[in-house]
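Trainee: Under my numbering, the letters of the first sequence match residues 1 to 421, in that order.
For the record, the hints were derived by calculation from the structure and aren't laboratory data. Some hints here could point you the wrong way.
Said to hold, decoys possible - Keeping only pairs whose Cα atoms sit at most 16 Å apart, straight-line, the calculated EDC-like set for lysine to aspartate or glutamate is:
1. K174 / D221
2. K210 / D184
3. K115 / E311
4. K313 / D189
5. K336 / E383
6. K205 / D189
7. K313 / E150
To be verified - Ranges of calculated distance between the beta carbons of each label pair, as one might list FRET restraints:
8. E410 / Q312: 46 to 52 Å
9. S409 / E111: 30 to 36 Å
10. Q332 / S409: 19 to 25 Å
11. L13 / T173: 38 to 44 Å
Beta carbons: idealized from backbone N, C-alpha and C, even for Gly.
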Amino acid sequence: MKIQAINGFKDILPDSALLWQQIEQRARDIFQRFGMREIRVPIMEKTDLFVRSIGEATDVVEKEMYTFTEKSITMRPEATASIMRAFIENGMHVQQPVQRLFTIGPMFRHERPQKGRQRQFHQLDAEIIGAQEPQVDAELIAMGQMLLDELGINTSLEINSLGCPACRPPFRTKLVNYLELHQDALCDDCKRRTTTNPLRVLDCKKSTCKAIAKDAPSILDSLCENCSDHFSLVRQALQDLGISFTINRFMVRGLDYYTQTTFEFLTSDLGAQAAVGAGGRYDGLIEQLGGPALPGIGFAMGIERIVLLMEQKNNGTSLTQNTDCFIAALGQEANKPCSQLTHQLRLRGINAAMDYSGRSLKAQMKQANRVHARFVLIVGENELKQEEAVLRDMKTQKQQVFSLAGSVSEQGERLAPVLRA
RNA sequence: GUGAGCGUAGCUCAGCUGGUGGUAGCACCGGGUUGUGGCCUCGGAGGUCGUGGGUUCAAGUCCCAUCGCUCACCCCA
């Protein structure tokens, strides 16, 4: 039996990891521009936290969680619940009336893997807690848009409002009544959804169901005055920031805690997975978890999905990690002084590499090329005797003599500036 | 949980109606270049054809089972 990774759990190999670093770095940069501060929360929580926040009847909770039943702890399927728990537990609202937080890390859902979907996957997650102004909704959405733009990813933005505890239940009743009139024309899934998750029928991909959804009562017509005002101010604020969007009154989110504004950044380049990022407002969540009655809004972006999009955009060309200086040691005599010089260079912040195998110069040059060395320092027996080495610039192919006079420390002191230039 | 497709070298794949596993490409190692990379050229190494069973004179190829992967449904980032 061959040892291999668990289904849905993927290695991120070095070449790809460079792209991951780039994405995460860009995300941190942009989040910080928006005043977001990083928070790191555990990847496991008591199962109850997820049940209470995400919702008992959601697919995520019902069938996708990795739960250790003995103590009933669960590997997080998303980050928002954990962050809210940390927020409440540490009384963070006392420190600052508005908390802007982000986290980056792995999430776990026991679904069947497919393109753009892993069982361990990674999210960039941003939350703004304690502010209910519509401008904040727009600001958060703008932040997500800015990140995707700067990464060079084309997405379309769709927004919707799901209402609040005052206006959603009446709408739901209205919708169920409508759907029950059209049961015969709905697909089997949607017949089931009529009772389990009627809003989801509106988002069904089947054309027959779409036709029914088209004339279904719209949540946007059923919003209470407060929600309606909020939604129009969000739209206005997005326009003020120059963010283009379309309204999708059929958009539904899979987690129960969402209220009012919801949004998705969509792509058509990921097969069945359209959402690169998505989020929304969750005004009742913190209180429901036993914290203060504070509003919140957040989004999550799937890093794997971003990586896929970026990889297929610059198809073929991958990022490379460079080496400042490769030291080619010829003969066993050269190994010791070369290893010392390599170390001296590293002490001075230089990315240096060498090979102890005593292979031919040709082989070592090949290795230097493979690690993208900018310079190669060739140290052979002749050079050692004469206290000199050959420094080759791999790009210009020009070579110069480098003196090995003095201690290794002095050598490093002289060589480092040349390599940095 | 459901459905479909696919498992041949580290990777990407040829392999027809069963008849000896491919000078295959990329990557790797070595030579051509007696101490100089990329390009070129020559050579080398690398395989229980996912696994188990069956049919057959003969199975990578056909049949069954099993494991794995992929895509899609459901749902979601």
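Trainee: Taking the hints in turn, state whether each one holds.
Mentor: Do the hints match the structure? See the list:
1. K174 / D221: holds, 11 Å
2. K210 / D184: holds, 14 Å
3. K115 / E311: Roughly 14 Å separates the two Cα atoms, so the pair holds.
4. K313 / D189: violated, 35 Å
5. K336 / E383: holds, 14 Å
6. K205 / D189: holds, 11 Å
7. K313 / E150: holds, 14 Å
8. E410 / Q312: 46 to 52 Å: holds, 50 Å
9. S409 / E111: 30 to 36 Å: Hint violated: Cβ distance 57 Å, outside 30 to 36 Å.
10. Q332 / S409: 19 to 25 Å: 23 Å Cβ-Cβ, so the 19 to 25 Å window holds.
11. L13 / T173: 38 to 44 Å: At 52 Å between Cβs, range violated.
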